[in-house]
Amino acid sequence: MINRDNQVCAEAAAFFKNLQAADREEATLRPYAMDLLRWLRCLWVLGIRWDQATSVEARDFMRWMLLADKPVRLHWRRQRQQLAS
5 MINRDNQVCA EAAAFFKNLQ AADREEATLR PYAMDLLRWL RCLWVLGIRW
55 DQATSVEARD FMRWMLLADK PVRLHWRRQR QQLAS
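Numbered according to our numbering, the sequence shown spans residues 5 to 89.
By construction, these hints were calculated from the structure, which means they are not laboratory data.
Please note: incorrect hints may appear among the correct ones.
Stated by the list, open to error - Here are the in silico distance ranges between beta carbons for each label pair:
id: 1; residue 1: R8; residue 2: Y36; range: 19 to 27 Å
id: 2; residue 1: A31; residue 2: V76; range: 21 to 29 Å
id: 3; residue 1: R81; residue 2: A57; range: 38 to 46 Å
id: 4; residue 1: L71; residue 2: L41; range: 34 to 42 Å
id: 5; residue 1: L78; residue 2: K21; range: 33 to 41 Å
id: 6; residue 1: F65; residue 2: A31; range: 20 to 28 Å
Claimed, not checked - Below, computed lysine to aspartate or glutamate pairings styled on EDC-like, alpha-carbon distance capped at 20 Å:
id: 7; residue 1: K74; residue 2: D39
id: 8; residue 1: K74; residue 2: D64
id: 9; residue 1: K74; residue 2: D55
Computed from a predicted structure; not experimentally measured.
Virtual Cβ for every residue (Gly too), placed ideally from N, Cα, C.
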């Protein structure tokens with residue numbers, strides 16, 4: 005993961021190395037990376053460094069995730085059916 009200064013984020017790199025060492029599949033790593041990116045962007049908007057975030061910011065982030073509108077996506081089978089017709 006690259007930070008705003010275009011440098012590798014050592015903490016994120018260590019986290020993902022641990023996941024790989026625990027034999028997590030690539031399909032698991034990507035969602036983890038996207039969630040981490042979402043969290044870091046939230047902190048960036050709030051003007052809070054990741055190492056200064058508290059449980060209050062984590063709580064508010066989780067509340068936002070629960071309350072935010074989710075895009076409606078068609079199931080892959082329905083997408084194929086629509087493409088075929």
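Hints and how they fare:
1. Taking the beta carbon of each, R8 and Y36 are about 20 Å apart, inside 19 to 27 Å as hinted.
2. The hint said 21 to 29 Å for the Cβ distance between A31 and V76, and at roughly 23 Å that hint holds.
3. Checked against the hint of 38 to 46 Å, the C-beta distance between R81 and A57 comes to roughly 40 Å, which is consistent with it.
4. Between L71 and L41 the beta carbon distance is about 20 Å. The supplied range of 34 to 42 Å is therefore violated.
5. A C-beta distance of roughly 36 Å is found between L78 and K21, which places it inside the suggested range of 33 to 41 Å.
6. With their beta carbons about 24 Å apart, F65 and A31 fall inside the hinted range of 20 to 28 Å.
7. The hinted pair formed by K74 and D39 meets the criterion: a straight-line CA distance of about 15 Å does not exceed 20 Å.
8. A hinted pair counts as satisfied when its Cα atoms are at most 20 Å apart, and K74 with D64 qualifies at roughly 17 Å.
9. For the hint pairing K74 with D55, the CA-to-CA distance comes to about 28 Å; that exceeds 20 Å, so the pair is violated.
Comparing the model with each earlier hint shows violations of hints 4, 9; every other hint is respected.
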